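**Student:** Below are the chains, spelled out letter by letter.
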Amino acid sequence: MKKRNLFVLCTVLVVLVAVSSAFAAGVAEQAPAAQKSQTLTIGVSQEAVGLDPHIVTAFSSMRRLDLLYNRLVRLDENMQVVPDLAESWEIPNNLTYIFHLRKGVKFHNGREMTADDVKYSLERVLDPATASPGRSYISTISKIEVVDAYTVKLTLSSPLASLLDALTSNNISIVPREAVQEHGNLQRVAVGTGPYMLKEWVVDNSMTLVKNPNYFEAGLPKSDQVIFRVIPEEASLYAGVRSGNLDLATINDGATIRQAKADKNVVVMSKPGMNVRVFSFNNQKKPFDDIRVRQAVALALNRSEILTMAEYGMGATTGPIPISAKVWAIPPDQLPLGKTDYAKAKQLLADAGYPNGFAFDIVCSSTYEGGLAVAQVIQNQLKNIGLTANLDVVEWGNYIDRWAKRDFATMVELRGGSSEPDRFLYRSLHSTGGVNNFMFKDAETDALLELGREQTDPAQRKATYDKVQVVLSEKAPLVFLYSPNENQVTSPYVEGFKQIGNGSLYYVTHAQVIK
Amino acid sequence: MGKYIIKRLLSLVPVLIGVSLIVFFLVRMIPGSALQMYMGTQVEATPEQMEELKRLFGEDKPIPVLYIEWVGDLLKGDFGYSLRTGRPVLPDILNRLPISLELTLYSLILALLIGIPLGVLSSLRQNTFGDFFNRVVGLIGLSLPQFWLAALMVIAFSNSQGWIPMGNYVSLLENPLKNLKMFFLPSLAIGFGFAAVVMRYTRNSMLEVLQMDYVRTARAKGLPYRKVIIVHALKNAILPVITVTGFNAGYLLGGSIVIEEVFALPGMGRLALYAINQRDYPVIQAIVLVIATLFVLVNLITDLVYALADPRIRLVDEKR
Amino acid sequence: MKTPRLLRNKIAVAGLVLIVLYLLISVVSLFWLPFDPLNMDAEQILQPPSFVTGHLFGTDEFGRDILSRIMKGTSVSFIISVSATALGALIGIFMGVWAGYLGGKADNIIMRIADILFSFPSLLLAIFIMAILGEHTYNVVLAIGIVYIPQFARISRGSIIALKGNEFIRAAKSNGAGRTYILIHHLLPNITAPLIVQISLSLSTAILLESALSFLGLGVQPPNPSWGNMLSSARKVMMFAPWTAVYPGLAIVLLVLGFNLLGDGLRDILDPRLRNVR
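Residue numbers (our numbering), protein chains in the order written: chain E, 106 to 620; chain S, 43 to 362; chain R, 10 to 287.
The hints are simulated quantities; they were obtained by calculation from the structure and are not laboratory data. Among these hints, one or two may not hold up.
Said to hold, decoys possible - Under the rule of at most 30 Å between Cα atoms (straight-line distance), these lysine-lysine pairs were calculated in the BS3-like manner:
#1 S:K220 <-> E:K224
#2 E:K327 <-> E:K369
#3 R:K182 <-> S:K49
#4 E:K546 <-> S:K96
#5 R:K114 <-> S:K45
#6 E:K316 <-> E:K449
#7 E:K327 <-> E:K620
#8 E:K304 <-> S:K45
#9 R:K182 <-> S:K220
#10 E:K316 <-> S:K45
#11 E:K567 <-> E:K366
#12 E:K390 <-> S:K49
#13 S:K96 <-> E:K510
#14 S:K220 <-> E:K620
#15 R:K19 <-> R:K114
All values derive from a computational prediction rather than experimental measurement.
Let the sequences and hints guide you as you build the complete structure.
**Tutor:** In structure tokens:
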């Protein structure tokens, strides 16, 4: 009698697990019966947070948006602004932009995209209620007019030289009004004009995209299906590409890339990126409120060594403008304080009243962005001028908290740059800049940045931003270190993929697996 | 017995209340917030946008008020929305629960499959080399950091197809073979250590039982050795093994966190880890409630199994 | 003098040998290490183990000597595991003994608290506590200590309850002995056996817990070496530089094994039911 009860209980347990597995099966991936040879599988280390282009901030989300939506303009593999949904444009004066849209572009729901959609999308971004991160990029747009079904006119309240560059951002994608109204927001659905449509999303596992048959670029996309697989370990991403489970993977970690480069079974694409590794000062905290102290540190840091040790040399040293923005950037060794000089640094410290150095904290985190490796190298290097750096290693959420509260003396950061200097520099270094966590308030810098934002003549702008780079290097509110490479590892059978340099996966559209 | 079960289930209530209170307030003591992480270090927002964002992220009211609102929603069956993804919390958790349960169950089964036979063997050859060998091997299993073992497995098997889940999860009902194959290594990583515990308890239990009079009687009566061992001794020795298994469900479930991370299994442990990292309060709160409920249920089931298997135990209102 | 029972149990002895070996290393590491464990050397990045370079266990991704770091980490592991176990044991035994002895309402309340702590998987609870307190070494001790409280509470309570009804306790009571007196002189000495076993096991689990926390980035922070954080940084390079993960892992395994062997042997000795059967 008892034994039977025991048996029943055990059976119930097993059934419980089986039934709950059925629950999971309901939303789990349909295992593809036969792998289509036209499927491109991409390995990513982070799951996308959401899919609403006007709301998301995470890079992981942007990578999906690259394939689901279009913007008015986009960046090509040379980081040049080229047409996307807008075929052509005119800039009659520095306060007016007129865009001519392509005809016959269809959203994934079948409806044609028109100027109304552009107006709707831009207004949604500008609306405070949306709380869109893209708003600050285009905040000076004061009026959006639909001239006709395929023409949009933008009027600015003050000149904004970086507007075109801003319009290439994923956050300013063009969306259809009815989709937003139907779903409230676009976090979990995708109704864009992009080369791929969302077929299925199993969170933290995989996302399946299928070819948009109505895509407006002829002959594209090349692959019928794209599958994103979430694999948190970068070493596993590499292993996945090697074994053929993955066709393409974006990998940040230098050691893994170094290994992949020596491996004949995979192809490594490496290109200087737009991100910048920096060593930040809190300019209002002693002793870093003294310019001489900051300059001393700048003179003691050896950028090349940091690049070698922290990133295995895979990147390029840089000044205030990311070095890969070739049009604008001046190499760091041509800027003030660009060459290591311990003697001068020690002298500056002595002048500032610290002949025997001092101790301070560096806030960092063990995530890739948190730059723990960089901090360790910096700690080592600063010993050369008598400074004792203590590493305040915190967990990522804590790091962000410290950043937001400006609760640090120094910290190591990874900032997202842009090929257009205004977008990156104004928000970071203008005294009213929203991400100026350096607490840097300098009238000369402010004036130059405001000037550069409004000038439209390329030669004049170049001169202004040259000056900005010199001033920033001299005043050293932070030390710009290097730009890490953007790295993709692909299998040898993938053809057609190109890197842009800002991490964008747009060129997956051109990629296919040739076996 | 029915009354007993109901009584135990009712005891869930104060536990849940206590746990929910603690988690709700404690979790907001962790520095950082989901809103901050959303903004990261790159995003600018105007004061009006910040107002709106604060409202969306639930930071516009004092904490006790938020707690009451949350409980109110809970009672209506609304577990809220993830601060990170905006998706409803409960369905996401429930989807991942079976995966963690599957992992735990398989780990348990493997541990029992390895531990019980070895434990019996050890007890029969007490103090011989075989005994020592088994015990030491078992203890080595218990001494391996699970994540280390898991990482080594990932490296060793990275080239073979199907042994590592890696974003390729399929459920049991869709493709049993593939499912079992991909759960094998992760379950081994967790189960190997637990097998040592099982082995020790089996061995000790068997040793105790083997001394008992009724065993000696059975052997004296001339019953075949093997039958005696298996039918009589093991049956009675199994009890402590069951209880220790139940009590260690926590160890197994906790072990799944790191394993899920290393093997990229979309389970609940990984979700908990991410939720804590991302300060996704609604998700953390919900997961903790789910885990606490699971624990009470597992304890209840363990007690029931124990009671059913041992005729000497009466399910009285014990002073535990 | 007859050899103490402890030393006759081969498994316990094996455990002791391992533990003493590590203790020696720990002491030596205070005075001498092959290389400076914090010294970065760009020329020696990720070198495999070799006698020629002097790096017997190879170097890590910053060119730091792994053997030196492992040795330095030994002290860290000991300090954390001993402190955490002591903390958990002191508080847990205190709670459990009073709960068991007083019974009734006090028992209920105390054990409810222990149950709530117990209803979290240990790693999750430790992660939670570390998240609130911040990632410092002393917080690791606190987190693990708190995780241990329920286990010690349960064991001591169970033992006290089992003993309470014994003859000699009742005899002492009828002789007029006070509560505290009975507790200290009669009860406590008799519950040491299971507690000793639990302590040795807790020491071993503490090392595993600390390494898991460090692995997740929450324990001892770099560049200070702990076996767990060495494994964490090795994760990325393991595939092509396996020595960065193998040796720290082995270091963990052997010390934990030492404590486990000791605990298992102690269990053998202290449990009267396990005397030789055949």
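**Student:** Each hint: holds or not?
**Tutor:** These are the hints, each one checked on the structure:
no.: 1; hint: S:K220 <-> E:K224; result: violated, 50 Å
no.: 2; hint: E:K327 <-> E:K369; result: holds, 26 Å
no.: 3; hint: R:K182 <-> S:K49; result: violated, 36 Å
no.: 4; hint: E:K546 <-> S:K96; result: holds, 27 Å
no.: 5; hint: R:K114 <-> S:K45; result: holds, 23 Å
no.: 6; hint: E:K316 <-> E:K449; result: violated, 60 Å
no.: 7; hint: E:K327 <-> E:K620; result: holds, 14 Å
no.: 8; hint: E:K304 <-> S:K45; result: violated, 50 Å
no.: 9; hint: R:K182 <-> S:K220; result: violated, 65 Å
no.: 10; hint: E:K316 <-> S:K45; result: violated, 59 Å
no.: 11; hint: E:K567 <-> E:K366; result: violated, 37 Å
no.: 12; hint: E:K390 <-> S:K49; result: violated, 61 Å
no.: 13; hint: S:K96 <-> E:K510; result: holds, 16 Å
no.: 14; hint: S:K220 <-> E:K620; result: holds, 25 Å
no.: 15; hint: R:K19 <-> R:K114; result: violated, 45 Å
Violated hints, listed in ascending order, are 1, 3, 6, 8, 9, 10, 11, 12 and 15; each of the other numbered hints is respected by the structure.
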